[in-house]
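Going line by line, the protein sequences match chains C and Y. When we follow the working numbering, the leftmost residue of the first sequence carries the number 1, and every step to the right adds one. When we follow the working numbering, the leftmost residue of the second sequence carries the number 1, and every step to the right adds one.
One thing to keep in mind: the hints can contain errors.
What the hints assert, rightly or not - Only some residues are given here: those of chain Y computed to face chain C with a beta carbon under 8 Å: (1) L342; (2) G345; (3) F347; (4) A348; (5) G350; (6) A351; (7) T352; (8) S354; (9) E355; (10) I357; (11) I360; (12) P363; (13) A364.
These are calculated hints, taken from the structure and not from any lab test. Cβ atoms here follow ideal geometry from the backbone N, Cα and C, with glycine treated the same way.
Listed here are the chains, written in short residue letters.
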Amino acid sequence: MSLDQPVNDSEIMETEIKVSARGVGVFYGEANALRDVDIDFRQHQVTSLIGPSGCGKSTFLRCLNRMNDTVDGCRVVGSIVLDGQNIYSKDVDPVELRARVGMVFQKPNPFPKSIYDNIGYGPRIHGMATNKTEMDEIVESSLKLAGLWDEVKDRLDEPGTGLSGGQQQRLCIARAIAVAPEVILMDEPCSALDPIATAKIEELIDELRQNYTIVIVTHSMQQAARVSQRTAFFHLGNLVEQGDTEQIFTNPVDDRTQSYITGRIG
Amino acid sequence: MNTLLLIIALLAMTTLAYHVGRKRALASVGGNGHLLHSLPSYHGAYVALWCILPAAIIVFFWLSSENAIINSMMVSSLSLEQQDLSTAEINLILSEIRNIASGAIRSTNIDETKLALADRYGELQFLSTAGLIVVTMGIGAMGLLYSRRFIAPRFRARRWVERMVMGLLIACSIIAILTTIGIVLSLLFEASRFFTKVSPIEFLFGLHWSPQTALRADQVGSTGAFGAVPVFAGTLLITIIAMIVAVPIGLLSAIYMAEYATPHFRSVVKPLLEILAGVPTVVYGFFAALTVGPFIRDLGESVGLNVASESALAAGLVMGIMIIPFVSSLSDDVINAVPQSLRDGAFAMGATKSETIRQIIIPAALPGIVGSILLAVSRAIGETMIVVMAAGLSANFTANPFEAVTTVTVQIVTLLVGDQEFDSAKTLAAFALGLILFIVTLILNVIALTVVRKYREKYD
């Protein structure tokens with residue numbers, strides 16, 4: 001397997017495998033959107049999924065927290081193992097799974113509630129705080145982790161929708177962190193943001209790597225190169241190539257990867 | 001008939017004007033449309049508007065003043081002693097003349113002067129119609145010729161047309177506003193006449209409603225008590241019963257349709273529910289009076305309750321069913337309008353479907369839901385037919401839903417139906433009731449708007 005290729009950075013190889021996908025395929029009705037994907041995601045690493053539009057990378061990302069369950073007519077085959085348990089087995093509750101695998105979306109989607117309630121929503125529905133003090137702590141630490149605390153600490157009761165786009169996206173990241181997930185999925189988290197907000201989010205992703213396993217879908221190859229340790233390239237519903245980011249961008253094995261990263265397909 | 005022909009002719013001329021303007025615009029640049037400032041169709045529309053607008057205004061004023069002018073001319077040609085008669089008698093004579101002129105009265109012994117007057121009337125009418133046609137078509141043609149001169153390559157026809165269209169839009173909205181103001185003013189005026197006869201204190205706080213007064217001394221009638229509290233209490237009672245039925249059923253079915261039902265099921269059931277709103281209220285009325293009312297009475301008797309066969313409960317229940325679609329259909333639309341990204345966000349946090357609906361979607365859709373409930377309330381307050389048929393006419397001051405009650409709208413109907421004199425307290429009371437009803441619904445709307453603005457959770 002390509003995962004076992006020699007790498008320069010020994011630290012990368014030492015971390016444990018957190019999520020392991022085998023033979024994953026997705027069907028929308030009869031259409032086969034994704035075929036036979038085998039990939040591992042390691043702890044304390046950022047893995048970016050790249051590829052042209054419609055290649056199935058977002059579809060695959062949504063398999064990792066079973067968000068595809070909410071789509072009518074969508075069927076997932078294969079197995080995805082999180083900490084030794086197949087998340088598609090019958091005894092896994094998708095609601096519990098999603099508390100362990102958080103997600104940040106392409107467009108910032110804060111709830112139409114106050115900043116405080118946006119962060120507090122997840123802990124509340126999962127019963128993580130027993131009193132107001134604990135909840136305050138969760139809100140503060142989540143916002144601090146997301147680098148938003150200093151900007152909003154004086155207006156926690158203002159609506160989250162009143163923040164700027166970049167702040168909203170960091171609010172959504174803080175919201176995801178608040179339920180203490182193990183894995184964070186990000187679906188093109190910077191595509192609706194300006195370069196400065198993007199830089200902040202990228203910095204944040206790099207910090208979050210210390211505590212979480214992160215999978216990020218991105219259209220920007222520079223972004224993939226900047227934030228991720230490993231990269232997987234999808235094309236037309238197939239996982240074409242995966243490996244260390246540096247290797248994928250400097251010395252891709254597959255011709256299609258080569259063409260994509262040099263801008264000839266996409 | 002003549003007016004219809006005139007309108008058709010005017011429209012034909014407008015079409016002609018459009019083509020004239022368009023052709024001239026194109027001709028002015030030798031067929032190169034791109035040299036024009038505005039598209040040729042705008043030049044056409046410019047000429048067409050000049051053709052039809054002044055003419056239409058003339059037609060409107062001519063038709064609305066025609067009768068008055070002809071009548072006054074007829075009056076002046078009556079004999080002197082006839083001119084001294086009262087207005088009502090003059091009107092009688094005039095209508096007789098009109099009937100003779102139109103051939104509705106065919107009798108051999110019509111008096112000569114009246115025949116002559118009828119002839120004169122026919123003549124005046126013919127003159128008026130002919131004048132209208134000539135003047136209108138003349139103005140139209142003048143407008144066409146006048147505006148046609150402006151057509152030039154650099155002429156900004158688009159801006160003029162858009163300005164005229166904007167004027168048209170403003171005129172339409174002003175008509176709506178003026179109508180509302182007119183209604184309010186007439187209500188205020190008539191109600192103030194009522195309040196000179198009955199004191200506002202008695203009307204607003206009196207507990208006895210019995211508006212039937214004797215017209216003649218020898219008639220048996222009640223003394224005429226105008227305490228409106230029982231009437232408003234009846235409206236309130238029936239509205240509350242209706243909302244207790246309609247809001248939960250409507251809202252829950254909306255949530256089911258928007259969030260749980262398959263698209264196929266929804267596409268079948270939603271129109272079916274909306275049919276409920278299309279059933280004429282009189283049909284609901286006899287359903288309430290003949291089926292629901294007696295059923296409730298029998299049910300009450302079987303458990304030892306004394307229920308009137310015309311009860312507030314029967315009317316309220318049926319009215320509630322009638323307004324279910326107002327709540328469900330509108331709420332369904334606003335729930336559907338909540339962006340999918342909010343649902344995704346909640347699901348991705350590990351929220352269950354019911355948590356997502358209760359804590360994210362309903363709060364986000366709340367302004368629309370409150371709006372739909374308000375619409376339902378105003379429907380319930382304004383509903384008349386069901387109450388007339390199922391709740392009775394007696395103004396009982398009671399909170400017992402098993403008794404017969406009456407509502408404001410029903411009282412307005414009963415006060416104004418039949419032969420009435422329009423200066424008695426009885427008929428004027430209808431306007432006072434209408435005014436209070438109007439004020440109450442206005443206050444309700446303002447309160448709801450404020451509440452919505454304060455608690456709305458805005459999403460982008």
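Tested hints:
1. Annotation: interface hint on L342 of chain Y holds; nearest CB of chain C at approximately 6 Å, less than 8 Å.
2. The beta carbon of G345 of chain Y is positioned within 8 Å of a beta carbon in chain C (closest approach about 4 Å), and the interface hint is therefore held.
3. Among the interface hints, the one on F347 of chain Y holds; its C-beta lies about 6 Å from the nearest C-beta in chain C, closer than the 8 Å criterion.
4. The interface hint given for A348 of chain Y holds, since its Cβ lies 4 Å from the closest Cβ of chain C, which is under the 8 Å cut-off.
5. Interface hint status for G350 of chain Y: upheld, as the beta-carbon distance to the closest one in chain C is roughly 4 Å, under 8 Å.
6. Satisfaction of the interface hint for A351 of chain Y is found here, the shortest Cβ-Cβ separation to chain C being roughly 5 Å, below the 8 Å cut-off.
7. Nearest Cβ of chain C to the Cβ of T352 of chain Y: about 5 Å, under the 8 Å cut. The hint holds.
8. Checking S354 of chain Y against chain C: minimum C-beta separation of about 11 Å lies over 8 Å; hint violated.
9. For the restraint placing E355 of chain Y at the interface with chain C, the shortest Cβ-Cβ distance is roughly 5 Å, inside the 8 Å limit, so the hint holds.
10. For I357 of chain Y, the suggested interface contact is broken, since its CB lies about 13 Å from the closest CB of chain C, more than 8 Å.
11. The interface hint given for I360 of chain Y holds, since its Cβ lies 6 Å from the closest Cβ of chain C, which is under the 8 Å cut-off.
12. Because the closest C-beta pair between P363 of chain Y and chain C is about 7 Å apart, less than 8 Å, the hint holds.
13. Hint on A364 of chain Y holds. Least Cβ distance to chain C is approximately 5 Å, under the 8 Å limit.
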